[in-house]
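J.: Residues per chain are reported as follows:
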Amino acid sequence: MSEIAHSDTAHRIVVKAHPIRLYLVVWGWLFVLSAFSYLVDYFHLTGVLRYTLILTFMMLKAGLIVAVFMHMAWERLALVYAILVPIGAVLAFLAAMAVEADYTLLTRLAFFTQGAS
Amino acid sequence: MDTAFTEHRTREPESGLATIVTDFSADQRAFRNVSWGKAMMWIFLLSDTFIFGTFLIGYMTARMSTAEPWPNASEVFALEIAGQHLPLILIAIMTFVLISSSGTMAMAVNYGYRRQRRPTAALLVVTALLGAAFVGMQAFEWTKLISEGVRPWGNPWGAAQFGSAFFMITGFHGTHVTIGVIFLLIVARKVIRGDFDHGRPGFFTGRKGRYEAVEIMGLYWHFVDLVWVFIFAFFYLW
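Going line by line, the protein sequences match chains G and H.
Heads up: the first sequence begins at 0 in numbering that gives the first Met the number 0, then just goes up one per residue.
Heads up: the second sequence begins at 0 in numbering that gives the first Met the number 0, then just goes up one per residue.
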């Protein structure tokens, strides 16, 4: 990793330039992981195995894109936490709505399907 | 007193969680080593994460709570190619195209750091072409589904919410890709014209153009790819 100094700004900003090889390797991994996710569907995997594999490949791809392509791995922790911590709110919302949707399904099954008078 | 003060100032943590405290309690700048443009793009992307997050949560809620069977995406998005029945093949190709565009974008940013005008511009144009190809395939997919009778209020295969979730989520993502392609072409034009070599000001501003614009553009484009990773997993594969 070499440092290239940009002195064309009021604040002198030093950016890190990585070898092109790093991006090609990550690109290759993203291809492989995408192919794996496609194969999950192609081989009709079902149940817990299917969902685990889909989530694993998804998180690995997302991690590679954010960490390397978006350079988050080299940012200061203040920026990393300012962006990543609020996403916890999305996860909390997700959990709340999963519980709510489950309840809605139960009431629909109880009142709107056959057998309900 | 004075010496104690200076000692305190020079003993700033270099790494670890303590840097968060010192950065956020710093005067003037919380995000050091990051220009305002880059910080604002990150914050915009966080807000966009909330938008796509709520779309996907809305889709999850509709899918979990419906008593009707959900259409099988694997079959809905299958294509016949050369007599072969391939499930989800168009979506797989779209995924590879978008990942490739992210690869070329990352390389464009890298050449931008090195201030190499021609490779930067060429890679930006390739990225824009791949993005346009993605939007074209999405238009094909929409046309196919609409001709098969998928509407936001119903479809031939099952739960009515399938159509509304599909059009809403992929439509919003496709809009992001389209805006990204336009954004890419504008930045590519600036690069090839040498705006960032000569510090030519932008259209709406007196600030000098800098190669950092390529990096900020890259953040947006990678985010569009990132959103597709989640849509691919939750809408098409789940």
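The set of hints was computed from the structure by calculation and includes no laboratory data.
The C-beta atom is built at its ideal place from N, Cα and C for all residues, glycine as well.
Careful, some of the hints might be misleading.
[Claimed, not checked] Computed from the model, here is a short list of chain H residues facing chain G with C-beta under 10 Å:
no. : residue
1   : T94
2   : P151
3   : W152
[What the hints assert, rightly or not] Chain H regions said to be covered by chain G (calculated; three or more residues, Cβ under 8 Å):
no. : stretch
4   : 124-133
5   : 171-185
6   : 212-224
[Claimed, not checked] Partial list, computed: chain G residues near chain H (C-beta under 8 Å):
no. : residue
7   : L29
8   : F42
9   : I82
J.: Next step is simple, just say for each hint if it's right about the structure.
T.: Hints, one by one, checked against the model:
1. T94: holds (5 Å)
2. P151: violated (20 Å)
3. W152: violated (18 Å)
4. 124-133: Result for this restraint: violated, n = 0.
5. 171-185: violated (count 0)
6. 212-224: Since 6 is at least three, the answer is holds.
7. L29: holds (5 Å)
8. F42: Violated - the Cβ of F42(G) stays beyond 8 Å from chain H, reaching only about 10 Å at its closest.
9. I82: Cβ of I82(G) sits 5 Å from chain H, so the hint holds.
In this structure, the earlier hints numbered 2, 3, 4, 5 and 8 are contradicted, and the remaining ones agree with it.
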